[in-house]
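Protein chains in written order, with the working numbering: chain A, 1 to 240; chain B, 1 to 362.
A portion of the hints provided could be inaccurate.
To list a few chain A residues with every Cβ distance to chain B over 10 Å, as calculated [what the hints assert, rightly or not]:
1) Ser38
2) Arg64
3) Glu101
4) Ala111
5) Arg119
6) Lys128
7) Pro170
8) Asn184
9) Val188
10) Ser218
Ranges between beta-carbon positions, derived for each pair [said to hold, decoys possible]:
11) A/Gln174 / B/Pro19: 50 to 58 Å
12) A/Ala92 / B/Arg141: 26 to 34 Å
13) A/Arg107 / B/Phe347: 42 to 50 Å
14) B/Ile142 / A/Glu112: 39 to 47 Å
15) A/Val131 / B/Asn116: 32 to 40 Å
16) B/Asn330 / A/Gly167: 54 to 62 Å
Here's a subset of chain A near chain B, in silico, CB distances under 7 Å, partners left out [claimed, not checked]:
17) Thr70
18) Leu71
19) Thr73
20) Gln74
21) Asn105
22) Lys110
23) Ile113
Keep in mind that the hints were calculated from the coordinates and are not lab data. Bear in mind the structure is a predicted one, so any value in this text is a computation, not a measurement. Glycine included, C-beta positions come from ideal geometry on N, C-alpha and C.
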Amino acid sequence: MTAILSVNDVDAGYGPSEVLQKVNIYVDEGEIVCLLGSNAAGKSTTLRTILGMVRARAGTISLRGEQIQTLSTQQIVSKGITMVPENRRLFAKMTVRENLEIGANMRRDKAEILTDIDRVFLLFPRLKERVAQKAGSMSGGEQQMLAIGRALMAKPSVLLMDEPSMGLAPILVQQVFETIQQINADGVTVLVVEQNANVALAIADRGYVIQTGRIVMSDTAKAMLANPKLRDAYLGELEG
Amino acid sequence: MTTQSAAGSRYRLFLERFPVRRFVLVLLALVIAYGGAAGSIATLRAGRFSGEVWANLFISGVARGSVYAIIALGYTLVYGILFIINFAHGEVFMAGAFTAYFVAVGLASKGMLESNPIISIGILFVVSSLVSMGVAILLERIAYRPLRGAPRLVPLITAIGASLFLQYTFRGFYGANARAYPTIPAIQGTWEIGSFPVQKVHLISILGAVALWLVLFWIVERTRVGREMRAVGEDREIAALMGVDVDRTIVFTFGIGGALAGAAGILYVFLFNQVIFTMGFFPGLKAFTAAVLGGIGSITGAALGGLILGILETVGPNLFLDGAGVPSPNQLIPIVAFGILVLVLIFLPGGFLGAPDDKSRA
Ligand SMILES: Nc1ncnc2c1ncn2[C@@H]1O[C@H](COP(=O)(O)OP(=O)(O)O)[C@@H](O)[C@H]1O
Ligand SMILES: [Mg+2]
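Using the sequences provided together with the hints, build the complete structure.
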């Protein structure tokens, strides 16, 4: 079985600085895979490279067997992959509804877009109450819900998520991860980046650990949870 | 010794804390306000102008302000998406109006301007808008796109270069002389509003500008491409993540700003009746002033800034300066326009409806 998404020996960086070195990650259809690592390890760079926001300098990235590492972001997302970016990056001056609509920007099926907006409201009833409010004026938790909703509006088959728990109270973190499970159960393949190892591994099938731009460990989530070396060796002082 | 130095340091502290800048600014504002008020009172006391004259000045101010507002939209749209000032926008405006001049001459020679004024005016608007749109799109492609991501100063210098390049290119095409636009008899003279005569060209400029503004507002707020424009303006990378074609959206923004400038060019020649290759300079700068006054990046701000500037330009010199004994105050219109620009930049850097913005990317 070939993976739906695979990153093969990818190098990437910013200007003169090399960040990723020979990164290998694959995600099978229907999986939840988590990419763990401490601050500045290269987690966001990995996701951004998959989406063409950072160019891979070497290696290949395939989506359903098709190489995408030379395509533009716009072309890549049209193939059914999108991201909930780090820090949410909502369109702060747009309303909740407009943020959801622009999430569906590539779609032409007007009627279905409307039903999908309703489905997002079903998932996050809070958003429905705030539908006409500017996204920038909402709380952190609401913004994370909207960021997830906006990504779902693209009807992705693969969803990348960059630290969805960042800045959220523990109870909200729990909720967000339950939502991720639900999205996955609806058939979306998920690659989630986290510093918060325990919550992520609890819902993941498999995990990778990245350290200074290299993948240093990969295993099933169960094995990683049981592995005492994980926290001590790779996740540094960050609690899981 | 100790008491003396303590007193000295207290004195220095006072000096340091004393808000010199604010003091000078407030003083300046008071002087200007006093001057304006004294001049106005003297003017009104002298009673040289009747109420009807004031009303006419006001309406002609609204008319020219409407034209500034439509040109200002081009600055504001491009700033809103790229955070650069397209200082060649005045030349985009000139290009359309000047090219349409030759069409107008052609139509005049066939008697079309008399026999079919509405169709003729329609043709002039279409030609002017298309030419300005084309120039604006070329400008983006050639002068700005290669500089995307460069420090803000770089496209600014390019804009000034492009501005001169366009002026002299059109001088090369069309010659150095000022040319009088052929008159369209149907829009000469006045219409009675109630019993008050209003010049037709004033009313046409105002209504035309209102229509153009409404169309633009609808595009930006209610259409897909407008939403894409706003998305690119807020976060270009995330817009691309949403599948927005960023390059195409930027081209569209320049194109629509150019088309508006071209349409404004026709309204402008209705008001001022002549074209010359340098004609973009002052309207361009004034529209830029209007955009800053209203809050650059804001569509409503551009309309507000344009109107305020237009009215101050026509009413201002007569009101503030005439009574103060300044000879031929209307020669001093640029002082009003650019005096306002400086004052706004000092006191209200974000304009009326914008927030001060320190984004430094281009
Ligand atoms: N835009 C950028 N320009 C230059 N260096 C960057 C940029 N973004 C990230 N980096 C660097 O790349 C490394 C990895 O960053 P990142 O992928 O954001 O880490 P993580 O998401 O794991 O915290 C860090 O050393 C960071 O400083
Ligand atoms: Mg990160």
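Each hint tested on the structure:
1. For A/Ser38, the non-interface assignment is confirmed: its Cβ lies about 24 Å from the closest Cβ of chain B, beyond the 10 Å cut-off.
2. In this structure A/Arg64 is separated from chain B by more than 10 Å, as the shortest Cβ-Cβ distance comes to about 18 Å.
3. At roughly 7 Å from the closest C-beta of chain B, the C-beta of A/Glu101 falls inside 10 Å, breaking its exclusion from the interface.
4. With a least CB separation of 16 Å from chain B, A/Ala111 remains clear of the 10 Å interface cut-off, as annotated.
5. Distance check for A/Arg119 against chain B: the nearest CB is about 18 Å away, which clears 10 Å, and the non-interface claim stands.
6. Its beta-carbon lying about 20 Å from the closest one in chain B, A/Lys128 satisfies the requirement of being farther than 10 Å from that chain.
7. Every beta carbon of chain B lies more than 10 Å from that of A/Pro170, the smallest distance being close to 28 Å; the non-interface claim holds.
8. Against the 10 Å criterion, A/Asn184 stays outside the reach of chain B, whose nearest CB is about 21 Å from its own CB.
9. For A/Val188, the non-interface assignment is confirmed: its Cβ lies about 16 Å from the closest Cβ of chain B, beyond the 10 Å cut-off.
10. Taking the minimum C-beta to C-beta distance to chain B, about 27 Å, the non-interface status of A/Ser218 holds against the 10 Å cut.
11. The supplied range of 50 to 58 Å is met by A/Gln174 and B/Pro19, whose beta-carbon atoms lie about 51 Å from each other.
12. A/Ala92 and B/Arg141 have their C-beta atoms about 30 Å apart, which keeps the hinted 26 to 34 Å range intact.
13. Distance hint for A/Arg107 and B/Phe347: a CB-CB separation of about 47 Å, consistent with the stated range 42 to 50 Å.
14. Between B/Ile142 and A/Glu112 the C-beta distance comes to about 41 Å, which sits within the given range of 39 to 47 Å.
15. Judged by the Cβ atoms, the range 32 to 40 Å given for A/Val131 and B/Asn116 is violated: they are separated by roughly 50 Å.
16. Against the hinted window of 54 to 62 Å, the Cβ-Cβ separation of B/Asn330 and A/Gly167 comes to about 59 Å, which satisfies the hint.
17. Because the beta carbon of A/Thr70 sits about 15 Å from the nearest beta carbon in chain B, more than 7 Å, this interface hint is broken.
18. A distance limit of 7 Å between C-beta atoms decides the matter here; for A/Leu71 the minimum to chain B is near 11 Å, and the interface restraint is violated.
19. The interface hint given for A/Thr73 holds, since its Cβ lies 4 Å from the closest Cβ of chain B, which is under the 7 Å cut-off.
20. For A/Gln74, the interface hint holds, the least distance from its beta-carbon to any beta-carbon of chain B being 5 Å, beneath 7 Å.
21. At a threshold of 7 Å, the smallest CB-CB gap from A/Asn105 to chain B is about 5 Å, leaving the interface hint in force.
22. The beta carbon of A/Lys110 comes no nearer than 11 Å to any beta carbon in chain B, farther than 7 Å, and the hint placing it at the interface is violated.
23. Using the Cβ-Cβ criterion of 7 Å, the hint placing A/Ile113 at the interface with chain B is not satisfied: the shortest such distance is roughly 11 Å.
The structure does not agree with the numbered hints 3, 15, 17, 18, 22 and 23 stated previously, though it agrees with the rest.
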